[in-house]
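Note that the protein sequences, when read in sequence, are chains A and B.
Using my numbering, read the first sequence as starting at 106 and increasing by one per residue.
Using my numbering, read the second sequence as starting at 30 and increasing by one per residue.
One or more of the hints may lead you astray.
To be verified - Restraint-style ranges between C-beta atoms, simulated for each label pair:
(1) B:Pro244 / A:Glu309: 33 to 39 Å
(2) B:Asp194 / A:Lys123: 38 to 44 Å
(3) B:Gly258 / A:Leu324: 50 to 56 Å
(4) A:Glu208 / B:Ser98: 52 to 58 Å
(5) B:Leu154 / A:Asp335: 43 to 49 Å
Claimed, not checked - For lysine-lysine, the following DSSO-like pairs were computed, each having C-alpha atoms within a straight-line distance of at most 30 Å:
(6) A:Lys261 / B:Lys284
(7) B:Lys225 / A:Lys261
(8) A:Lys154 / B:Lys213
(9) B:Lys141 / A:Lys128
(10) A:Lys128 / B:Lys168
(11) B:Lys310 / A:Lys121
(12) B:Lys310 / A:Lys351
(13) B:Lys174 / A:Lys351
(14) A:Lys261 / B:Lys94
(15) B:Lys174 / B:Lys60
(16) A:Lys154 / A:Lys261
(17) B:Lys60 / A:Lys128
(18) B:Lys284 / A:Lys290
(19) A:Lys333 / A:Lys107
(20) B:Lys215 / A:Lys212
(21) B:Lys59 / A:Lys351
(22) A:Lys340 / B:Lys213
(23) A:Lys121 / A:Lys212
(24) A:Lys128 / B:Lys119
(25) A:Lys290 / A:Lys107
(26) B:Lys215 / B:Lys196
(27) A:Lys340 / B:Lys196
(28) A:Lys261 / B:Lys111
(29) A:Lys326 / B:Lys317
(30) B:Lys80 / A:Lys254
(31) B:Lys45 / A:Lys107
(32) B:Lys221 / A:Lys257
(33) B:Lys60 / A:Lys261
(34) B:Lys213 / A:Lys214
(35) A:Lys340 / A:Lys107
(36) A:Lys261 / B:Lys45
(37) A:Lys333 / B:Lys337
(38) A:Lys214 / B:Lys141
(39) A:Lys351 / B:Lys350
(40) B:Lys174 / A:Lys326
Keep in mind that the hints were calculated from the coordinates and are not lab data.
All C-beta atoms in this analysis are idealised placements derived from N, C-alpha and C, irrespective of residue type, glycine included.
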Amino acid sequence: MKILVCINNVPDTTTKIKFVDNKAFDSAGVQWIINPWDELTLTRAIEMKETQPADIESVTVINVGRADAEASIRKALAIGADNGIRINSDTSDSYSVAFQLSEYIAKEKYDIIFCGIESSDYNGGSVGGMLAEFLAIPSVSSVSMFEIKDGKVVVKREIDGGNETLSVQTPFVLIGQKGIAIEPKIPSMRGIMTARTKQLTVVEGVACNQLIEFVDFDLPKAKAACRKIDAENVKELIDLLHNEAKVI
Amino acid sequence: MSVLVYTENWDGKFKKLSFELISYGKELSKKLNTELVALSIGNVAESELQKLALYGADRIINVNKSELSFFDAQLYNSVLAKVTESVGAKLILFAHNNTGKALSPRLSVSLKAGLATAVIAQPDLTNGFIIRKKVFTSKAFANIKINSDIKILSLLQNSFGLLEDPKNAVIESFDTDMDFSDQKCKLMDVNKVSGKLILTDADIVVSGGRGMKGPENWGPIEELASLLGAATACSRPVADEHWRPHEEHVGQTGKVLSPSLYIACGISGAIQHLGGISNSKYIVAINKDPEAPIFEAADYGIVGDLSKVLPDLITAVKEFKA
Ligand SMILES: Cc1cc2nc3c(=O)[nH]c(=O)nc-3n(C[C@H](O)[C@H](O)[C@H](O)COP(=O)(O)OP(=O)(O)OC[C@H]3O[C@@H](n4cnc5c(N)ncnc54)[C@H](O)[C@@H]3O)c2cc1C
Ligand SMILES: Nc1ncnc2c1ncn2[C@@H]1O[C@H](COP(=O)(O)O)[C@@H](O)[C@H]1O
């Protein structure tokens, strides 16, 4: 099977968020990383290829973005992906990202397409489902386990209050979350060396209608200082929660 | 035109979030001067379906087919697209939960409808259709304008209250007239947590971090949770060290919650943990370190040792409930 892992390039999660005139994210001095969920799906795809090489023919990573996203693609190659693709385009919203991915995938044929549950920047949580609908193939979301048994794909998905185990026919889009892997795989020295020789193909993006636009951004108001309650008088907390916050 | 709400049942009973969605949808449909249609897929008794009218549904559409007993996003989406067309819906509402996250993006493509997810407020209709949501894992807000004719929203749970507005709705059964024989996903096993409050649905959450020292100390957390009718949760290292099940892990890489009250016991308040709890209406922190960053996120705080504070708190809650 051929696996394609969609990876987004996002600001490091400890980044202090700032905007230029409240209109656009201020990327000055920002450290970029592979979106944490994509790191987990990628980790699982590579684990599978290493442990079940007969089942997995290749793992390709793909990103829709500008050249500055290539460091993240190279990192994915260093972790163990076989090759990388960058669709050269701006990434304003999930719909156009999904459309661009679908246009490329329609020509290339992958058996399983991995997406993360959401990007940690704009928190859309939409590309995976949109991509599946553009391609008219099944999607399974909130996936916390992925296996191939006797050539059959078995996944576990989280439902509100439990989980379900499914078998799924390929091709399909797998939308992964925590559990599919626990810790992201770290590139080895050798991985970093070989990544340099792996192929990174750049293809031009295609135009897409925009259904939504970001009007502006703002930061949360500074929170009122925490009200401290004496540890010897926890009753006061109950009192405040009942009479002031009205939550109990 | 109409507003369509996708409702969800759990073993034949609607989840609270469905009533929340209807309440939100009702307010919006009044502003837009249009009717509110509730859609239910699955096997739900009439008396239960009628509850949707209690919160303002003008019409209730029921799709009950054995082939749809199992949630397949592709099939469910094709049903939704048909229903949308049939009722002329211009606005479709989902909960931002596992099901809503699976369906709303697919429907967005089927209908060429702009989608905004994890919405936290009513739209601003003064200059187009502008909705507000949190971005950068709750570190900022964005205002998003949806320009398409049909619009889809998924709403963050517990962000809206329930509002009764009883209507006389008829229940219409909808025949999809579709062939479901070609099922690409097969259900092999279901594992439902029963008798336990679902974490993402919970109004109150009691959560423990590494400051709890070990799994053997979780008794007081569970007792406090049960006294408050709360769910239990934990920080990531606690789940990683198998002190608690992974389902309880909250934060950037775990579950994102939006309860009314989150009680953090022995949690330092790392940015990745806060990403999962900053939608809480109130946060209480109990920590022995007065400098712990959790106090910056908290509304109320107790600086003290959990081995003493927790039992005291349990006593105080017992007295309060008595
Ligand atoms: C990419 C990435 C993603 C991550 N995702 C998550 C995530 O989703 N969720 C998450 O939680 N973490 C996440 N983390 C980890 C996060 O950075 C922190 O390490 C973690 O949240 C710390 O957990 P903690 O607060 O339980 O433990 P600690 O940081 O060890 O804090 C324990 C606290 O308990 C207090 N304490 C100790 N003893 C007592 C006592 N007797 N009485 C009272 N207080 C006491 C201490 O003062 C301390 O503040 C992530 C990290 C990374 C790098
Ligand atoms: N620019 C992008 N390039 C490649 N994949 C992406 C991109 N943006 C999002 N994705 C994928 O879609 C998932 C969900 O993204 P989002 O809808 O942006 O929250 C991510 O976890 C990625 O797997």
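Starting from lysine 340 of chain A, check that the Cα of lysine 196 of chain B is at most 30 Å away, please. 43 Å, violated
Given the hinted pair lysine 141 of chain B and lysine 128 of chain A, is their Cα-Cα distance within 30 Å? 26 Å, holds
Mind checking the alpha carbons of lysine 60 of chain B and lysine 128 of chain A for me, to see if they're no more than 30 Å apart? 29 Å, holds
Straight-line alpha-carbon gap lysine 174 of chain B to lysine 60 of chain B, limit 30 Å: 18 Å, holds
For the pair we were handed, lysine 225 of chain B and lysine 261 of chain A, check the Cα-Cα distance against 30 Å. 20 Å, holds
Between proline 244 of chain B and glutamate 309 of chain A, does the beta-carbon spacing fit 33 to 39 Å? Distance hint for proline 244 of chain B, glutamate 309 of chain A is violated at roughly 54 Å.
Distance restraint between lysine 351 of chain A and lysine 350 of chain B, which requires alpha-carbon spacing of 30 Å or less: 14 Å, holds
Given the hinted pair lysine 310 of chain B and lysine 121 of chain A, is their Cα-Cα distance within 30 Å? Given that 30 Å is the threshold and the Cα spacing comes to 23 Å, the pair holds.
For the pair supplied as a hint, lysine 261 of chain A and lysine 45 of chain B, is the alpha-carbon distance within the 30 Å limit? Satisfied, since the Cα-Cα distance of roughly 25 Å is no more than 30 Å.
Going straight from one Cα to the other, do lysine 340 of chain A and lysine 213 of chain B come out at no more than 30 Å? With Cα atoms ~56 Å apart, lysine 340 of chain A and lysine 213 of chain B exceed 30 Å; violated.
Is lysine 340 of chain A within 30 Å of lysine 107 of chain A, Cα to Cα? Roughly 60 Å between the alpha carbons, so the hint for lysine 340 of chain A and lysine 107 of chain A is violated.
Holds or violated: are the alpha carbons of lysine 59 of chain B and lysine 351 of chain A at most 30 Å from each other? Satisfied, since the Cα-Cα distance of roughly 29 Å is no more than 30 Å.
In terms of the numbered hints stated before, the structure departs from hints 1, 3, 4, 13, 19, 22, 23, 26, 27, 30, 31, 33 and 35, listed from lowest to highest.
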